[in-house]
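J.: The primary structure of each chain is shown beneath.
Protein chains: 2
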Amino acid sequence: MWLPDEALRPLGERRVLVAVGPDDPVGATVVAEVRAATARWGGSVTVASPDASLTGDAARGHDVVLALVPSSTASDEPTRALADDVPTASGSFGVLREGATTTVLGLDAAGLLYGLHHLVRAGAAASEGDTPLTWYSPTNDVRMLDHWDNVDVHPVMGQVERGYAGGSIFYADGRVRDDLSRVAAYARLLGSVGINAVSINNVNVHRTEARLLTDGLPDVARIAALFRPHGIRVHLSVSFAAPMTVGDLPTSDPLDADVQAWWAARVADVYDVVPDFGGFVVKADSEGQPGPFAYGRDHADGANLLARALKPFGGTVFWRAFVYDHKQDWRDRSTDRARAAHDHFSPLDGRFDDNVVLQVKYGPMDFQTREPVSPVIAAMPGTRLAVELQVTQEYTGQQQHAVWLGPQWSEILRFRPWKDGGRTVADVAAGTAGPPDARRAGLVAVSNVGDDAFWTGHPLAQANLYTFARLAWDPFADPQTLLDEWIGLTFPDADPVVRETLHRVLDDSWRTYEDYTAPLGVGFMVRPGHHYGPDVDGYEYTPWGTYHFADRDGIGVDRTRATGTGFTGQFPAPWRDVYEDVATCPDELLLFFHHVPWSHVLHSGVSVAQHVYDTHWDGAARTVENAAAWDAIAGQVPADLHARVADRLAEQVRSAHEWRDQLRTYVYRHSGILDTTGRSIF
Amino acid sequence: MWLPDEALRPLGERRVLVAVGPDDPVGATVVAEVRAATARWGGSVTVASPDASLTGDAARGHDVVLALVPSSTASDEPTRALADDVPTASGSFGVLREGATTTVLGLDAAGLLYGLHHLVRAGAAASEGDTPLTWYSPTNDVRMLDHWDNVDVHPVMGQVERGYAGGSIFYADGRVRDDLSRVAAYARLLGSVGINAVSINNVNVHRTEARLLTDGLPDVARIAALFRPHGIRVHLSVSFAAPMTVGDLPTSDPLDADVQAWWAARVADVYDVVPDFGGFVVKADSEGQPGPFAYGRDHADGANLLARALKPFGGTVFWRAFVYDHKQDWRDRSTDRARAAHDHFSPLDGRFDDNVVLQVKYGPMDFQTREPVSPVIAAMPGTRLAVELQVTQEYTGQQQHAVWLGPQWSEILRFRPWKDGGRTVADVAAGTAGPPDARRAGLVAVSNVGDDAFWTGHPLAQANLYTFARLAWDPFADPQTLLDEWIGLTFPDADPVVRETLHRVLDDSWRTYEDYTAPLGVGFMVRPGHHYGPDVDGYEYTPWGTYHFADRDGIGVDRTRATGTGFTGQFPAPWRDVYEDVATCPDELLLFFHHVPWSHVLHSGVSVAQHVYDTHWDGAARTVENAAAWDAIAGQVPADLHARVADRLAEQVRSAHEWRDQLRTYVYRHSGILDTTGRSIF
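If you're matching them up, the sequences are chains A and B in order.
The C-terminal residue of the first sequence carries number 682 in full-length UniProt numbering, and the numbering is unbroken.
The C-terminal residue of the second sequence carries number 682 in full-length UniProt numbering, and the numbering is unbroken.
Hints were generated in silico from the structure; no laboratory data involved.
Any given hint could turn out to be false.
If several chains are the same, the list does not tell them apart, and a pair holds so long as it fits within one copy or across any two.
[Unchecked claim] Once the Cα atoms are required to be at most 20 Å apart in a straight line, the calculated EDC-like pairs of lysine to aspartate or glutamate come out as:
| id | residue 1 | residue 2 |
| --- | --- | --- |
| 1 | K327 | E651 |
| 2 | K311 | D301 |
| 3 | K311 | D577 |
| 4 | K327 | E411 |
| 5 | K311 | D325 |
| 6 | K419 | D63 |
| 7 | K327 | D276 |
| 8 | K311 | D63 |
| 9 | K419 | D276 |
| 10 | K327 | E658 |
| 11 | K311 | D558 |
| 12 | K311 | E161 |
| 13 | K311 | D354 |
Predicted model only: the values in this text are computed from it and were never measured.
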């Protein structure tokens with residue numbers, strides 16, 4: 001992972017002054033990082049009182065000064081002047097280089113930690129030239145990772161649901177691990193990139209996991225103690241039915257006073273042992289999980305039940321909007337899973353308490369390689385809304401395929417649901433540019449780590465975790481720059497050929513994956529259950545609402561208002577009209593919104609059939625090129641890492657060709673249209 | 001199951017004389033059955049020496065006499081005369097009714113047991129009228145059930161592989177059960193219908209199961225002791241790699257002297273504790289199981305290795321012919337799984353030792369609802385060959401659907417591979433009508449029982465177990481008569497309406513199932529892995545060799561010599577030509593042998609597409625009628641049994657309609673041909 005010792009060398013060679021309170025756990029982390037780096041690399045560290053003056057004589061003799069923003073009553077004139085335009089968001093920091101000294105001013109201890117890692121990322125450049133005071137502030141209050149880890153190994157889903165990196169770092173043998181050193185290392189990595197919240201158990205809450213809230217509290221406290229020094233608050237996924245399954249109540253009705261009292265008591269117990277507990281994540285009335293519908297209540301009733309229990313302690317409810325009918329009849333073309341979240345939640349806007357965050361998947365379906373942005377994001381101006389991404393690559397190659405998702409996420413975050421020049425998805429999530437009642441939230445993602453030696457199975461999948469965290473801090477950051485950062489922090493000694501090879505393998509990898517998998521936004525076409533590898537009709541006749549309706553004449557889902565499910569009508573203008581019209585609908589989403597003939601000519605100038613033939617052939621071919629490029633740098637990266645990546649690239653080549661051949665054959669068998677290039681079809 | 005107390009009433013009301021040796025375990029079973037029945041129903045039993053004279057005064061005062069055939073030196077003239085045309089096969093018996101006495105003469109104790117149950121089946125009629133001495137003899141020496149039970153629960157396949165009736169009656173919690181009373185009851189049921197061999201563990205031999213041969217021998221002996229009194233010999237499935245995985249040898253090469261010695265020693269150990277041990281069942285070089293190919297040896301080398309170890313003790317090797325490439329490339333249309341067994345085994349004819357039985361699945365694929373008979377059956381005149389059927393309903397509804405397989409098995413057994421009037425499949429298996437060197441074998445099937453309260457999950461699936469056993473005794477028995485027997489023995493008090501309802505639900509159930517599932521012999525179209533429910537393309541792009549090649553123009557597998565895989569050439573005349581020509585190929589196997597247009601007109605007069613539309617609609621409709629018929633007899637059979645069957649019939653209705661709608665829709669989407677009747681397609 002990023003931050004090998006070498007990455008801290010430029011800092012470690014300096015004389016560093018750290019002014020921080022001795023009791024602050026995050027401040028102590030800053031001191032410890034500096035102490036370790038300077039001890040290793042020959043620099044020095046001086047720890048001063050947080051009240052010490054930081055300019056003039058006090059800072060002299062130090063190359064780097066790390067200090068908190070002085071209180072406004074400080075007598076020291078220069079620092080007071082500095083503080084005038086300090087941002088207000090926790091974690092903000094300023095950086096100034098004057099003379100031979102680089103000064104980092106943290107708004108709070110978290111800001112100091114983030115400022116420290118800002119210097120680490122800058123490397124040697126942090127000690128060059130002069131720069132005026134510049135403030136850095138996280139765009140999002142919420143920068144969160146959800147873990148879908150089970151305590152018990154689930155008979156179907158395994159220990160980590162949709163996990164592709166071995167076992168859980170939190171749990172083994174049916175309980176919380178005794179040795180949590182991997183968790184401590186993970187917390188350090190997350191803190192270094194600004195993550196400030198984790199949820200430590202699967203949103204599908206099974207029997208054992210439900211008891212983390214009661215019997216498991218001492219273990220939750222142990223885990224929280226490892227995240228706290230890195231500015232990260234721990235959250236739990238809870239079952240809406242817990243008052244019945246964990247408690248002994250006859251109901252979980254959110255309007256029942258005993259239920260309310262039960263939750264209040266559980267929350268008080270949690271805060272007794274974890275005073276900075278973050279709150280709950282809830283998947284309710286979704287894919288078999290219990291929820292308020294059982295009592296004729298709506299999801300605002302459900303979320304507010306938990307929010308009111310958490311409110312006195314400053315906790316938050318992350319309430320997932322992933323609610324749909326997973327027992328749909330495939331024969332019924334009027335029901336549309338894509339509509340479900342908007343249908344359920346848009347009427348509830350304004351009804352959620354202010355410590356509820358509605359957690360909305362970026363698309364209306366389920367973390368596909370390509371979907372439109374969820375219309376729910378544009379429909380909840382009176383609700384705190386976090387956008388949920390999926391770092392674990394459930395539908396994007398399962399960490400067998402090298403697929404760097406930075407460009408996808410950046411596209412989503414920069415999408416403007418209303419109009420050119422209007423607010424972006426990122427603005428909505430941050431709550432920074434909305435109407436007066438918009439509330440700050442941010443980004444949440446499902447993590448991709450496990451107890452694998454390389455943390456993420458595919459070592460290059462680490463780049464996704466890094467990129468997500470950095471986009472959570474600044475959603476408008478250039479993803480290529482973030483990838484550069486990750487490469488620099490992870491391979492600090494890499495020569496230009498290695499860097500170039502990493503870029504070659506990763507830069508376009510999302511589009512390459514899209515090219516050889518489900519085409520033109522139609523989604524799925526994966527093997528049911530595990531979701532790996534091609535099965536074009538795998539979900540076609542299932543209850544999951546995930547169809548493509550291919551026949552001898554054409555393919556795609558008619559979601560128009562004119563003749564289809566009307567899903568286009570859930571978008572504001574202009575998108576409701578752009579998507580409605582096959583002439584204006586973007587190619588990459590054509591089959592998400594329209595059922596068209598195989599011969600339909602795309603804006604790109606080729607037919608749908610020929611598009612499948614071409615993109616699948618070319619996408620698979622690029623995986624071969626990537627594997628060859630990686631082979632060429634053998635010996636220039638650690639041997640075990642090279643071997644692991646080479647194995648995964650070989651599997652990607654195999655799998656991509658399977659996708660290629662199945663998709664090309666399927667389209668030919670259905671359409672009868674020949675590939676104009678004459679390449680093999682089976 | 002069959003043989004409730006009531007079924008033994010007609011016998012139990014009689015005065016019965018049993019003349020049998022006191023130490024024979026099977027003879028003791030005969031005595032115990034008679035004793036229990038007469039005690040319950042008011043009759044009486046006299047146990048005499050086996051040397052007692054059985055005619056004249058000795059028999060006077062008894063309604064029923066059960067005795068062994070006297071030795072040829074017996075002084076008693078009349079019994080000597082009787083014995084003149086006694087059959088030689090173990091288990092044979094004669095029945096005679098003269099005056100008021102019914103006499104059963106067993107060739108051996110097993111014959112006495114079978115004769116007893118012959119009387120039980122006959123019921124009151126056994127004591128009516130006079131009948132001359134008639135001999136009954138099993139057609140097959142081998143009448144065997146294989147259990148695919150695992151000791152450990154397999155993570156994917158569960159405890160009983162392809163088991164649909166709960167856990168194993170042999171194993172629980174990773175070891176042989178302490179309480180084997182269900183095994184004892186099962187042994188009695190099997191003995192009553194002539195089964196004389198069982199194999200007690202899965203042919204896929206995993207780690208724990210491999211040790212039944214060593215550490216597990218005391219438990220094997222316990223199980224054998226429960227089968228022995230019913231004339232049943234116990235067998236074990238063994239792993240060809242056992243010399244390496246159980247022993248410590250560096251090889252399992254069948255020509256290695258240490259390997260031969262290892263097997264000889266293991267076999268001697270087994271016979272020490274199970275003197276009547278039957279032998280081994282082996283799945284080698286098949287679906288990942290080890291085999292002789294690893295050493296460049298062939299399957300005769302492999303089978304003879306084990307046969308020679310067993311030979312001194314009278315044991316037999318059942319060597320499965322189910323060998324094919326399960327990692328086939330779906331793109332390669334020249335490889336044909338249907339060819340595999342014949343390609344592998346026909347060159348080996350004559351090379352197998354005489355205590356090897358080649359165990360051949362009835363069809364060339366894998367227990368499909370409809371396949372041609374395997375050409376291997378006609379290709380091994382110099383080999384003992386058992387035909388393997390599947391009582392457990394892996395591909396025929398998994399004991400959720402009521403599918404009585406008697407008619408399928410009867411068709412298979414009566415099939416004449418050579419010509420009209422020639423030998424049948426049953427003749428080949430029995431070895432009774434072949435060339436001089438033909439050897440006797442018989443029938444083997446995978447059992448369908450578990451620890452379910454009704455033994456078989458679906459109570460009506462008991463009829464399959466019964467019918468198989470009775471066909472193993474007499475392959476030419478009329479299956480309807482056997483179903484009648486099963487109904488009589490299982491529901492002895494049933495009134496005509498109940499009997500008629502059972503017939504209505506079961507008589508045509510195999511064809512009904514065929515009607516709503518994969519059409520015209522094409523096979524599969526089931527969900528991969530578990531094999532339940534429809535998934536038309538589920539196996540289309542997999543390595544399993546099970547394809548249908550449907551496209552917009554047509555469907556089916558070209559297995560002709562002229563243009564296809566040449567599989568038709570594996571059959572003797574006339575079938576090699578009948579199947580080769582689309583004009584003479586039977587409709588029900590058309591898509592097994594030919595790829596034809598959707599518009600191809602069948603002998604039945606409708607197109608392939610319309611055939612699918614019609615049969616699927618009608619087949620699904622019949623499941624509704626069956627469920628209604630069953631509902632109508634509520635109160636006339638035990639309530640728990642009625643409820644269980646009703647639940648299963650409801651699931652069959654649901655599943656059949658799913659099959660119906662998916663198949664009809666799939667065909668329409670591909671062919672574009674309208675159902676001429678206008679019924680719904682989706």
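J.: Hints first: check each against the structure and report whether it holds.
T.: Taking the hints in turn, this is what the structure says about them:
When the C-alpha separation of K327 and E651 is checked against a cutoff of 20 Å, the pair qualifies only between copies, where the shortest distance is 16 Å, while the shortest distance within a copy is 34 Å. Only within a single protomer do K311 and D301 lie at most 20 Å apart by alpha-carbon distance; the minimum there is 15 Å, versus 76 Å between protomers. Taking the closest pair of Cα atoms, K311 and D577 never come within 20 Å of each other, the shortest separation being 42 Å inside a single copy and 82 Å across copies. Taking the shortest Cα distances, K327 and E411 never come within 20 Å of each other, neither inside one copy (32 Å) nor across copies (41 Å).
In this assembly of identical chains, the alpha carbons of K311 and D325 never lie at most 20 Å apart, being 31 Å within a copy and 63 Å across copies at closest. In this homomeric assembly, K419 and D63 never come within 20 Å of each other (Cα to Cα): the closest approach is 48 Å inside a single copy and 100 Å across copies. Taking the closest pair of Cα atoms, K327 and D276 never come within 20 Å of each other, the shortest separation being 39 Å inside a single copy and 54 Å across copies. For the identical chains of this complex, K311 and D63 are neighbours neither inside a copy (44 Å) nor across copies (89 Å), given an alpha-carbon limit of 20 Å.
Proximity of K419 and D276 under a CA criterion of 20 Å is satisfied in neither setting, with 40 Å inside one chain copy and 85 Å between copies. In this assembly of identical chains, K327 and E658 lie within 20 Å of each other by CA distance solely across copies; the values are 14 Å between and 30 Å within a copy. In the homo-oligomer, the alpha carbons of K311 and D558 never lie at most 20 Å apart, since the shortest distance is 44 Å inside one protomer and 70 Å across protomers. Taking the shortest Cα distances, K311 and E161 never come within 20 Å of each other, neither inside one copy (30 Å) nor across copies (53 Å).
In this homomeric assembly, K311 and D354 come within 20 Å of each other (Cα to Cα) only inside a single copy, at 9 Å, whereas the closest approach across copies is 82 Å.
Hint compliance for this structure: hints 3, 4, 5, 6, 7, 8, 9, 11, 12 are broken, all remaining hints hold.
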